[in-house]
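Make the full structure from the sequences, and use the hints.
Protein chains: 2
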Amino acid sequence: MPTNFSRRDLLKAAPAALPLLAGRVRADEPPFTGLTVRMHEPRNLEFPFSSLKSWVTPNEQFFVRSHFAVPKVDPKSWKLTVEGEVENRVELTLEELKALTAVTRPITLECAGNGRVFLTPQARGLQWGFGGVSNAEWTGVPLSAVLEKAKVKSGAVEVVLAGADSGIIADPATPGPIHFDRSLPLAKANQPEVLLAYKMNGEDLPVSHGAPVRAVVGGWYGMASVKWLTRVVVTRTPYTGFFQTLDYSVWERKNGLPELVPVTTVQPKAAIARPALHETVPAGQPYKVFGAAWAGEQKLERVEVSADGGKTWETATLTGEDKPFCWRTWEYAWKVPAEKGTSKLLARATAADGTTQPEKRDPDRRTYMINHLVPVEVLIK
Amino acid sequence: MPTNFSRRDLLKAAPAALPLLAGRVRADEPPFTGLTVRMHEPRNLEFPFSSLKSWVTPNEQFFVRSHFAVPKVDPKSWKLTVEGEVENRVELTLEELKALTAVTRPITLECAGNGRVFLTPQARGLQWGFGGVSNAEWTGVPLSAVLEKAKVKSGAVEVVLAGADSGIIADPATPGPIHFDRSLPLAKANQPEVLLAYKMNGEDLPVSHGAPVRAVVGGWYGMASVKWLTRVVVTRTPYTGFFQTLDYSVWERKNGLPELVPVTTVQPKAAIARPALHETVPAGQPYKVFGAAWAGEQKLERVEVSADGGKTWETATLTGEDKPFCWRTWEYAWKVPAEKGTSKLLARATAADGTTQPEKRDPDRRTYMINHLVPVEVLIK
Numbered sequence: 001m002p003t004n005f006s007r008r009d010l011l012k013a014a015p016a017a018l019p020l021l022a023g024r025v026r027a028d029e030p031p032f033t034g035l036t037v038r039m040h041e042p043r044n045l046e047f048p049f050s051s052l053k054s055w056v057t058p059n060e061q062f063f064v065r066s067h068f069a070v071p072k073v074d075p076k077s078w079k080l081t082v083e084g085e086v087e088n089r090v091e092l093t094l095e096e097l098k099a100l101t102a103v104t105r106p107i108t109l110e111c112a113g114n115g116r117v118f119l120t121p122q123a124r125g126l127q128w129g130f131g132g133v134s135n136a137e138w139t140g141v142p143l144s145a146v147l148e149k150a151k152v153k154s155g156a157v158e159v160v161l162a163g164a165d166s167g168i169i170a171d172p173a174t175p176g177p178i179h180f181d182r183s184l185p186l187a188k189a190n191q192p193e194v195l196l197a198y199k200m201n202g203e204d205l206p207v208s209h210g211a212p213v214r215a216v217v218g219g220w221y222g223m224a225s226v227k228w229l230t231r232v233v234v235t236r237t238p239y240t241g242f243f244q245t246l247d248y249s250v251w252e253r254k255n256g257l258p259e260l261v262p263v264t265t266v267q268p269k270a271a272i273a274r275p276a277l278h279e280t281v282p283a284g285q286p287y288k289v290f291g292a293a294w295a296g297e298q299k300l301e302r303v304e305v306s307a308d309g310g311k312t313w314e315t316a317t318l319t320g321e322d323k324p325f326c327w328r329t330w331e332y333a334w335k336v337p338a339e340k341g342t343s344k345l346l347a348r349a350t351a352a353d354g355t356t357q358p359e360k361r362d363p364d365r366r367t368y369m370i371n372h373l374v375p376v377e378v379l380i381k
Numbered sequence: 001m002p003t004n005f006s007r008r009d010l011l012k013a014a015p016a017a018l019p020l021l022a023g024r025v026r027a028d029e030p031p032f033t034g035l036t037v038r039m040h041e042p043r044n045l046e047f048p049f050s051s052l053k054s055w056v057t058p059n060e061q062f063f064v065r066s067h068f069a070v071p072k073v074d075p076k077s078w079k080l081t082v083e084g085e086v087e088n089r090v091e092l093t094l095e096e097l098k099a100l101t102a103v104t105r106p107i108t109l110e111c112a113g114n115g116r117v118f119l120t121p122q123a124r125g126l127q128w129g130f131g132g133v134s135n136a137e138w139t140g141v142p143l144s145a146v147l148e149k150a151k152v153k154s155g156a157v158e159v160v161l162a163g164a165d166s167g168i169i170a171d172p173a174t175p176g177p178i179h180f181d182r183s184l185p186l187a188k189a190n191q192p193e194v195l196l197a198y199k200m201n202g203e204d205l206p207v208s209h210g211a212p213v214r215a216v217v218g219g220w221y222g223m224a225s226v227k228w229l230t231r232v233v234v235t236r237t238p239y240t241g242f243f244q245t246l247d248y249s250v251w252e253r254k255n256g257l258p259e260l261v262p263v264t265t266v267q268p269k270a271a272i273a274r275p276a277l278h279e280t281v282p283a284g285q286p287y288k289v290f291g292a293a294w295a296g297e298q299k300l301e302r303v304e305v306s307a308d309g310g311k312t313w314e315t316a317t318l319t320g321e322d323k324p325f326c327w328r329t330w331e332y333a334w335k336v337p338a339e340k341g342t343s344k345l346l347a348r349a350t351a352a353d354g355t356t357q358p359e360k361r362d363p364d365r366r367t368y369m370i371n372h373l374v375p376v377e378v379l380i381k
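If you're matching them up, the sequences are chains A and B in order. What the first sequence shows, in this note's numbering, is residues 1 to 381, in sequence order. What the second sequence shows, in this note's numbering, is residues 1 to 381, in sequence order.
Some hints could be false.
Since the list can't tell identical chains apart, any single copy or any two copies may satisfy a pair.
To be verified - In silico DSS-like links for lysine-lysine, alpha-carbon gap of 27 Å or less:
| hint | residue 1 | residue 2 |
| --- | --- | --- |
| 1 | LYS299 | LYS53 |
| 2 | LYS344 | LYS360 |
| 3 | LYS254 | LYS72 |
| 4 | LYS360 | LYS254 |
| 5 | LYS79 | LYS254 |
| 6 | LYS53 | LYS288 |
| 7 | LYS311 | LYS153 |
| 8 | LYS98 | LYS199 |
| 9 | LYS360 | LYS323 |
| 10 | LYS344 | LYS72 |
| 11 | LYS254 | LYS149 |
| 12 | LYS311 | LYS335 |
| 13 | LYS153 | LYS254 |
| 14 | LYS311 | LYS53 |
| 15 | LYS53 | LYS153 |
| 16 | LYS254 | LYS151 |
| 17 | LYS288 | LYS153 |
| 18 | LYS151 | LYS288 |
| 19 | LYS299 | LYS79 |
| 20 | LYS199 | LYS360 |
FYI, nobody ran anything at the bench for these hints, they're computed from the structure.
Below, the structure written as C-alpha cells:
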C-alpha cells in the first residue's frame, strides 16, 4: 500500500470530490460512512475510489444505486414468482429459496453510468466519478436452478427480472408508476454467474442492496442486477421495458443505421485509486500507483500506465485475487520526475480478446458505458 | 354542403385557430395558401379541417409533416437501393422505377400526433388540431414489386424505409445526424396498400411531399410513409431506429409489464369539420353537421354524433366515396335547440371489429395515437 497518501491531502486538494457523509437511516442498514452522496433520495452513494484498500469491498462501502425509494419488503411474506413462458408457474418463499443448493462467488458490479462526471458537456444522470463500482462475495441460488424448476417452454427468448421498487420518472417519462425491471437473454440467464443472492460478504443482504433477495449478473453493468427481486417473467419476444429502451440503452450501427439496443456487458476499464486527482506527490521519489481494473465477461489481459499523458505506456503488475467476473487490483512503480510541475497519469485495461479502452468518448454510447481514458492530473512538489 | 358556415365566422369566433398564411418558398411548390403553420422550419403545415370540402384533398391543402429540412434531391441522379437481407442488391433510377407497372389508389394519411393540441397538460411535439390528416390519390409502384426484384432472403423480418432528409434532434437526442427512417414488418411491406409513389392527385409529387418518390403506407400513421425515399433495407431482426423507439413509440402491456412498441396502425376517428370550434349557430334551425371519419386498416363501420356532450348518440350518414384505407365524409342533420346558450358536439367512429374511440386519453399512448373524444363547443344564438 502506498503511504504517501493521506485523507488530509485529499480534502485539501480536491474539495469538489469531497465525500459527504451519508448517515445511517434504518436500524438494519450499514452506516455507509464516507460514501459520496450522488443523490439523496432515492439513495445513490458512491464508493470513494481513492480509498480502495481491499479486493472485497466491505458492505458499508459498496456503492448504492437506487431508481426508486427503498420498498417495504417483509422477508416473512416475501415470495418470488416465476411465470410467463413456463410449464409450471413457481412461487418460492425465502425459506424455500434458501433450501435450494447455494453457491458463493465473488462478482464485481459497475454502474452503467460510472464515470459520467467526466463527460463534457455534462450529461444528464447521476454524476458518478470512479467509484460506481465495487466487488463482493454473493451467496445465493443460480437463476438457472429456479428456471429449471419452472421448466421454460421452447420458443422462450428472455427472462425479465422485476423488483418490488416502483415509482414514476418524469423525463424521459415512465408510463405511470412502474417497477424497476430488466431482462436477460435466456442463454445469459442460465449462466452460473447469474445468481439470486441473499447474502453479501457473508451477511444477510442489506436493505439498500436489495434485501431479502437480489439478482447479481456477473459481467453485465449493474442495472441488470435487479434489487428487491419479486418476479421472474419468461418471455417469447425480446423485452422492451423502460429501463432498456428510454433508459439504459445505446446506439449500435447495423447496415449503417443506428439502432437502439439495451446496455449489456461491462467494458474493460482500469481506474487509478492513488494518486487521487490533484494529489501532491514528492518530486524525484518512487510512488506506487495503485488501482483496480476489470473487463466484464472477459478475462482481464493487462493494465498499462502512462505518466506522460498517453505518449508511452508501461505494463502494470496485476496483484491479489484473480477470479472471473471480478476486478483485479494492480500497481505500478512510478519514478516521479525530479522536476516540479504537474503530470497526467493514465491507466488502460485490455481484455483477453484485445478490446481496450478508447481514447475518445463514442457518442453512440449516449450516457452509458463510460470507459474512455480519463487523465488523473497530479502535482509534483 | 352546409351553407351556414362562413370564413368570417371562423375568424371572428376562433382567433386561436386562425390559420397563418404559409407562403410559397420554392418555384416547384404548390402555394399552401391557408394552411396553418405548426412549425416554420422544418416546414409543418396543417390542413384547416373546418374548410373540408372534398373527399380528395387538393395538393396545396394536403398537410405537410417534415422532420428535417427538405433535402436536395435531383430526380435525374436519384436512385433507390434495395439492400440488406436480399439475394440481389437492386438499384433503380427514377426512369426504371416508372417503367414498372404502376397503380393509382387513394390513401388517407394521418399524422401520429394529429389532435395533440387537445392534450392537457400540453404535450411536447407539434401542436396539431384536427387537420394533421388528408386524403390523396397516389400513383406509384407497390413496394412488393421492388422487394420481389431483390428476392428477400428467408429469415428476413422487416423492411426499413430511409429518406434522404437528415439532421439532428436534440431532445430526445438522435445519435448525431441521422436520416428519417421507419420499418415495416415484411408482411405489411408486401401488402398492396404500400406504394412507392411518384404522383399525387395526378401531378408529379410535390417537393414538400417527398419528391421524387415517397412511401405511402395505407392504414398506418403518417410516419411510416417515408418521404424523399432513397433506401430500402431488409433486416433479419426487428429494427430499433430512433423514429420507432425514442420517437413514435407507445407503451403496450404484456404480462402486466409496459413495453415500448412502435406506433403502427391508425385508430378509428371521426372529426367534425363544421360547425367549427366556437362557431355560432342559429337557434331552432336545422344545421348539417359535416365531417370525415376513418379507421386505418379497418373498414369504417359507423359514425355517431352526440349533441348533449355524450349522453345520447345518433347515427350519422356516411356519404361519398367508400374506399379501403381512406376516410369517408359524413353528415348529420342536427336540429339546433331553440334555447340560446352553448352545446357540446361529439362525433365517434367505430371500426368493423367494434373498436371505437375512447372517452378518456390513455397515457400509455404517450403523445401519439390521439383519438379520445374531443367536444366541439358551439354557441347557439
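Okay, the hints, checked on the actual structure:
no.: 1; hint: LYS299 / LYS53; verdict: within (22 Å within a copy, 70 Å between copies)
no.: 2; hint: LYS344 / LYS360; verdict: within (16 Å within a copy, 60 Å between copies)
no.: 3; hint: LYS254 / LYS72; verdict: between (43 Å within a copy, 25 Å between copies)
no.: 4; hint: LYS360 / LYS254; verdict: within (21 Å within a copy, 40 Å between copies)
no.: 5; hint: LYS79 / LYS254; verdict: between (41 Å within a copy, 21 Å between copies)
no.: 6; hint: LYS53 / LYS288; verdict: within (13 Å within a copy, 82 Å between copies)
no.: 7; hint: LYS311 / LYS153; verdict: neither (55 Å within a copy, 49 Å between copies)
no.: 8; hint: LYS98 / LYS199; verdict: within (10 Å within a copy, 69 Å between copies)
no.: 9; hint: LYS360 / LYS323; verdict: neither (29 Å within a copy, 56 Å between copies)
no.: 10; hint: LYS344 / LYS72; verdict: neither (47 Å within a copy, 47 Å between copies)
no.: 11; hint: LYS254 / LYS149; verdict: between (38 Å within a copy, 23 Å between copies)
no.: 12; hint: LYS311 / LYS335; verdict: within (16 Å within a copy, 86 Å between copies)
no.: 13; hint: LYS153 / LYS254; verdict: between (30 Å within a copy, 17 Å between copies)
no.: 14; hint: LYS311 / LYS53; verdict: neither (29 Å within a copy, 72 Å between copies)
no.: 15; hint: LYS53 / LYS153; verdict: neither (46 Å within a copy, 56 Å between copies)
no.: 16; hint: LYS254 / LYS151; verdict: between (34 Å within a copy, 20 Å between copies)
no.: 17; hint: LYS288 / LYS153; verdict: neither (54 Å within a copy, 59 Å between copies)
no.: 18; hint: LYS151 / LYS288; verdict: neither (53 Å within a copy, 63 Å between copies)
no.: 19; hint: LYS299 / LYS79; verdict: neither (36 Å within a copy, 47 Å between copies)
no.: 20; hint: LYS199 / LYS360; verdict: neither (39 Å within a copy, 47 Å between copies)
Hint compliance for this structure: hints 7, 9, 10, 14, 15, 17, 18, 19 and 20 are not met, and every other hint is.
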